[in-house]
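Asker: Sequence:
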Amino acid sequence: MFKAVVGHSNDPDSLSAVEEVLQQCTSSLAGNIPKAGIIFAAIDFEHSLILQQIDQAFPEIELIGGTTDGEISSVLEFQQDSISLMLFCSDEVEIHAGVGRKVSGDPITATKQAVEQAKVKSTAVPRLCLTHPESLTTSGVSILNGLKLALGQHLPIFGGLAADQSRYQKTAKNV
1 MFKAVVGHSN DPDSLSAVEE VLQQCTSSLA GNIPKAGIIF AAIDFEHSLI LQQIDQAFPE
61 IELIGGTTDG EISSVLEFQQ DSISLMLFCS DEVEIHAGVG RKVSGDPITA TKQAVEQAKV
121 KSTAVPRLCL THPESLTTSG VSILNGLKLA LGQHLPIFGG LAADQSRYQK TAKNV
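With my numbering applied, the sequence shown has no gaps in its numbers, which climb one by one up to 175 at the end.
To be clear, the hints were calculated from the coordinates, so they are not data collected in a lab. In this text, all values refer to a predicted model and were calculated from it rather than measured experimentally. Treat the hints loosely; a few may be bogus.
[What the hints assert, rightly or not] Label-pair ranges, simulated between beta-carbon atoms: (1) Asn32 x Asp11: 36 to 42 Å; (2) Thr137 x Val93: 30 to 36 Å; (3) Ile157 x Asp13: 20 to 26 Å; (4) Asn10 x Glu92: 17 to 23 Å.
[As the list claims (entries may be wrong)] Result set (BS3-like, lysine-lysine): computed pairs, CA atoms no more than 25 Å apart in a straight line: (5) Lys3 x Lys35; (6) Lys112 x Lys102; (7) Lys148 x Lys121; (8) Lys121 x Lys35; (9) Lys121 x Lys102; (10) Lys119 x Lys102; (11) Lys35 x Lys112.
We treat Cβ as the ideally placed atom computed from N, Cα and C, and that holds for glycine.
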């Protein structure tokens, strides 16, 4: 079994928005427990509050994501200044996350660190990489090159860079 569910809110209040997203996801999960998720949120939300609420609802979840310039889902289609959460359940597929620190100083080491963190939790060989790294302090190409070195040249890598609505001040990864 593999199941993906989506919650999406454009409520401007961080707590109300994350509660709405979690309610939508929980309803769609129908009792299944998610293994992993991807969170995208506009820059002006209280990201620590959002993560705290998600962690409280799903304490064992492997979560990635970041800030965005616009969010899209099957629930609300394209929105700006919203929160979108996709959760994955599976009894067949392993999904694991890793975090690379200080990517602006050394993207190769940071990406290697993230890949190793994810691999150590897995019993399977990686088949796909999703990435949503910081974008203001380093080159996305450098991050991609580091991932290719850590994972091999032929493993599919998908994702995008965190954004801050063209303010060029800060982003948040893993929101």
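Asker: Next, verify each hint and record whether it holds.
Answerer: Consistency of the hints with the structure:
One distance hint, 36 to 42 Å for the beta-carbon pair Asn32 and Asp11, is violated here, with the actual separation near 25 Å. Under the hint 30 to 36 Å, the C-beta atoms of Thr137 and Val93, about 32 Å apart, fit the expected range. For Ile157 and Asp13, the Cβ-Cβ distance of about 35 Å falls outside the hinted range of 20 to 26 Å, so the restraint is violated. Our hint of 17 to 23 Å for Asn10 and Glu92 is violated, since their Cβ atoms are close to 34 Å apart.
A distance of roughly 10 Å separates the Cα atoms of Lys3 and Lys35; the hinted pair therefore holds under the 25 Å criterion. The suggested pairing of Lys112 with Lys102 holds, with an alpha-carbon distance near 12 Å, which does not exceed 25 Å. Straight-line distance between C-alpha atoms of Lys148 and Lys121 comes to about 20 Å, which keeps the hinted pair within the 25 Å bound. About 13 Å separates the Cα atoms of Lys121 and Lys35, which keeps this hinted pair within 25 Å; it holds.
Between Lys121 and Lys102, the direct Cα distance comes to roughly 22 Å. Compliance with the 25 Å bound is thereby established for this hinted pair. Proposed proximity of Lys119 and Lys102 is supported: the alpha carbons are some 20 Å apart, at most 25 Å. In summary, the hint linking Lys35 to Lys112 is supported, as the alpha carbons are separated by about 23 Å, within the 25 Å threshold.
Violated hints for the displayed structure, listed by number in ascending order: 1, 3 and 4.
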